[in-house]
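Chemist: With the hints as extra help, turn the sequences into a complete structure.
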Amino acid sequence: MILPSLIMTLIVGGIASWIVARRSPDAARWIALVSVMVDLAMCLGIWIMQAGRTPERWLVECNFSWIPQFGIRFHLAIDGLSLTLLLLTYFLGVMAVLSSWSEIREKVGFFHFNLLWVLAGITGVFMAVDLFVFYLFWELMLVPMYFLIGIWGHERRIYAATKFFLFTQLSGLLMLIAIVALAVFHHQSTGVYTFDYQQLLHTSLSPRAARLLMIGFLVAFAVKLPAFPFHTWLPDAHTEAPTAGSVVLAGLLLKTGAYGLIRFVLPLFPGPLRELAPLMMTVGVIGILYGAVLAVGQTDLKRLVAYTSVSHMGFVLLGIFAGNQIALEGAVVQMVSHGISTGALFILAGLLQERLHTRELSQMGGLWETMPALSGAGLVFAMASLGLPGLGDFVGEFLVLLGTYRSNARLAIFATLGLLAATLYGLRFAQGAFQGPNRHHWKLPDMRPREWAVLGLMMICLVWIGLYPHPVLHTIRPGLAAAQQIAFSQEMVRR
Amino acid sequence: MSHADFVALFPLMIVSATAVLLMLSIAIRRNHRTAAVISLIGVAAALGSLPFASSVAPRQVTGFLILDSYSFLYMAILLIASVFVFLFGYDYLNRRQEHREEFYLLVLLATTGAMVLAASSNFASFFLGLELLSVSLYALIAYIRTERVAIEAGIKYLVLAASSSAVLLFGFALIYSESGSMKLSQFTAITSSTGQTSSVLLLTGLMLTLTGIGFKLAVVPFHLWTPDVYEGAPLPVTAFIATVSKGGMFALLLRWFHPQGEGLAGASGLVLSIIAIASMLTGNLLALRQTNVKRILAYSSIAHMGYLLVALIAGGTLGAPAATYYLMAYLVTILGAFGTMTTLSGSRWEASSLDSYRGLFWHRPLVAAAFTTMLLSLAGIPLTAGFLGKFYVLTSGAAQSRWVLLLTLVVSSTIGLFYYLRILVVMYGRPAEPVTIADAGTLPLPLPATLALAVLTGLVFLLGLYPTPLWNVIVEATRGLG
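Going down the list, the protein sequences come from chains A and B. For what it's worth, my numbering labels the leading residue of the first sequence as 1, then goes sequentially. For what it's worth, my numbering labels the leading residue of the second sequence as 496, then goes sequentially.
Hint data in this document are derived by calculation from the structure and do not stem from the laboratory. Yeah, the Cβ is synthetic: ideal placement off N, Cα and C, and Gly gets one too. Accuracy of the hints is not assured; some may be wrong.
Unchecked claim - Label pairs and their calculated CB-CB ranges:
| id | chain 1 | residue 1 | chain 2 | residue 2 | range |
| --- | --- | --- | --- | --- | --- |
| 1 | A | 192 | B | 540 | 42 to 48 angstroms |
| 2 | B | 540 | A | 201 | 50 to 56 angstroms |
| 3 | B | 540 | A | 23 | 44 to 50 angstroms |
Modeler: So this is what it looks like as structure tokens:
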């Protein structure tokens with residue numbers, strides 16, 4: 001019962017903070033903070049409890065009948081992969097609430113309602129093992145996110161929100177067709193309607209059908225990730241969203257795409273996977289280089305960070321399709337550390353915008369003089385983003401490159417070039433904003449205790465993953481191994 | 496006619512008797528509330544008689560009407576829809592100083608017509624029901640006589656509906672001359688004749704009949720009247736056209752064109768597929784540039800009829816239940832949408848321009864939340880009725896491998912999402928200059944409409960979350976089709 005209560009806490013908390021906000025906006029903020037923290041505590045509890053046990057397929061599971069005519073069950077289950085991403089979700093959730101504490105002043109209640117409901121949708125996505133339920137939560141993330149961008153966003157918020165919604169909706173519907181078709185094929189071969197993940201794993205498909213269905217899933221996840229040609233919604237949405245929205249988008253929503261690839265595409269379609277893997281890896285490398293090069297050219301701070309996300313997600317895509325355990329583990333570590341480092345960069349951008357009222361890099365410069373602490377934090381996260389050893393992102397990228405080198409050395413070399421470009425944009429950001437003379441004569445307050453707490457915690461996590469990634473790797477390993485085994489079993493044998 | 500036949504006819508007779516009773520009561524003394532109460536009681540009695548009537552079903556009464564569980568299911572749907580039309584109409588008419596009582600009379604008659612359509616098994620009863628429905632609608636559309644758009648819409652509908660009836664009659668004549676039979680069941684034979692080619696006369700007759708049916712359903716290319724009539728008609732009447740009128744006609748189409756086993760093939764399958772694809776795309780594309788919410792919903796209704804046709808064409812064991820479920824979800828949603836618009840309308844204007852919704856969420860959060868629910872359901876977002884309906888349609892289509900139709904559905908409903916979002920954007924945007932708001936904001940929310948709206952919002956979520964009991968009923972009722 002602990003899994004539905006994770007979702008219910010957020011849903012109820014969201015409604016409560018909406019109602020309370022009429023009386024006092026601060027109470028709404030506290031309610032939101034407490035409900036996310038309760039979830040974080042529950043997840044930490046599960047994590048600590050399972051640490052000593054021998055891993056089963058699912059750590060926690062719950063299963064109710066819902067629409068029996070189609071074999072749809074409200075089936076939630078988590079393994080190490082889901083658990084890690086849930087921990088990330090609530091960690092960033094707390095950060096998102098804290099970072100919007102002073103930024104959001106209008107319609108506070110409805111804001112936190114939407115924020116918590118997005119988190120609820122993300123929670124559901126990470127837990128659902130019934131494909132119908134998965135789709136349900138997949139779509140459920142959209143509407144509150146749309147409102148977050150569309151109501152509290154910046155100048156071109158309507159355009160960005162609509163574009164985001166349309167992209168994800170079209171790709172989502174294609175996935176729905178694929179899900180339904182998969183269930184129908186299963187029905188035709190076995191006579192049983194079911195949307196259950198583990199039963200559908202054993203559906204026998206003709207190669208052509210498998211390829212088409214895989215494309216249906218792939219498009220949805222590639223848009224969310226986003227992979228190279230489908231990324232155009234991302235810079236707009238990330239730039240226009242309020243800080244909390246950017247944090248949730250970059251830190252969590254993108255991860256749902258990668259999670260979907262690992263959880264569903266890899267094990268469901270082992271056959272076409274082998275054909276498409278080189279293509280997808282190439283797309284990943286293109287994303288790495290393209291995102292990095294575009295990031296170098298940006299003048300808008302949030303846009304710059306957004307393009308770095310495209311680049312980093314290229315690494316994730318590369319790792320997922322590289323076809324070996326190391327790269328896959330690297331991809332997941334990259335997901336977690338990218339969530340934290342990019343989330344922190346967006347929070348930082350929010351702090352700067354709150355103080356400077358601009359996101360233009362050309363308006364900044366020499367901020368170290370007036371805000372040494374904030375600038376120092378900025379430098380740390382910029383270094384994390386460019387993959388400095390000792391910080392989380394490095395571990396992920398290194399593992400991905402290591403694994404990729406085994407399966408495709410040429411692509412690994414090209415991907416490494418992306419790190420070079422990353423150095424450029426990382427230094428450009430750090431230098432342009434913080435170093436040099438204070439040409440605009442800014443006199444600004446430095447970080448407040450609340451902001452210290454947020455960025456400090458994120459820094460600690462990054463250093464932890466960078467220096468001692470073992471707990472994360474240990475947690476995700478069994479779940480990934482299960483996905484990996486089905487997907488690349490033949491290849492493993494060959495090697 | 497035996498005793499059991501009478502029992503089976505109870506629902507129809509009660510509604511017609513209520514109309515007569517209402518006419519008498521108007522003749523004695525005009526009173527808006529009395530008229531509303533009489534009609535509501537009559538419709539409630541008809542609903543209450545359905546269980547008794549279905550206890551003697553299935554039953555073929557006099558060669559004109561077939562009364563089985565399918566007919567009764569659709570009668571229930573139509574009657575419930577008309578209850579909501581009454582509730583919204585009551586408030587609407589209360590604000591407008593017009594002759595109010597005849598509205599109920601006409602709606603009762605039109606509902607009777609739609610119910611006859613759902614139960615008809617013969618050309619004659621088909622035409623009878625159709626004309627009863629159409630003639631009442633002519634008057635209903637032009638009900639607000641002080642408004643020029645209403646008159647214009649009424650005339651438009653009159654001319655087009657009359658000519659489509661003529662086309663329909665001609666189709667009947669052609670079929671009759673070839674087959675010598677007036678039974679609607681021959682449609683099933685013509686459409687499902689696999690391989691052997693039907694005669695040209697039969698096929699032409701069938702196409703002409705489809706023209707008449709397509710006109711009432713407002714599918715492309717027979718949709719031209721829809722936006723104008725939706726815009727010109729008073730809001731409750733628009734809701735009535737969108738629900739009862741289309742629902743009755745769709746019941747007939749689904750019953751007699753529903754293919755057994757395999758999906759629709761041959762000429763009729765091709766034609767219906769083209770109609771479905773054209774409706775989905777045209778409806779959604781034309782809605783993109785509208786700025787009048789009534790017109791947007793008109794075009795969206797064209798697209799929704801296209802989605803319905805997908806399930807109909809797919810057929811199989813899932814087709815008819817999926818289509819019925821989708822129709823119910825759509826009716827609940829669109830009633831809610833028009834209901835919201837009714838509650839927001841003033842005494843001299845209707846809340847139909849997009850601007851009248853500007854910032855609605857910030858001064859009337861609950862009404863805006865209800866409208867949001869309806870729009871999201873129309874767009875097919877999960878947890879709402881519209882999503883499950885779409886899911887069932889997709890499943891029925893996938894079961895019969897109708898991939899082209901399904902892809903069109905997906906692409907066009909994404910296009911559709913765009914204009915639903917446009918309305919949402921306006922509703923959640925910054926409030927406009929306070930002139931219109933003061934007007935809309937000071938209007939008290941009328942009790943019956945508020946209740947109806949709350950019920951409909953609840954139904955949208957219920958149908959979206961817990962479809963099991965209803966789905967079982969629908970599957971049971973549609974099992975004997977064909």
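Chemist: Range first: 50 to 56 angstroms. Now tell me if the beta carbons of residue 540 of chain B and residue 201 of chain A are that far apart.
Modeler: holds (55 angstroms)
Chemist: Is the hinted range of 44 to 50 angstroms satisfied by the C-beta distance from residue 540 of chain B to residue 23 of chain A?
Modeler: holds (48 angstroms)
Chemist: Range hint 42 to 48 angstroms: satisfied by the CB atoms of residue 192 of chain A and residue 540 of chain B?
Modeler: holds (44 angstroms)
Consistency with the previously given hints is maintained throughout, with no hint failing.
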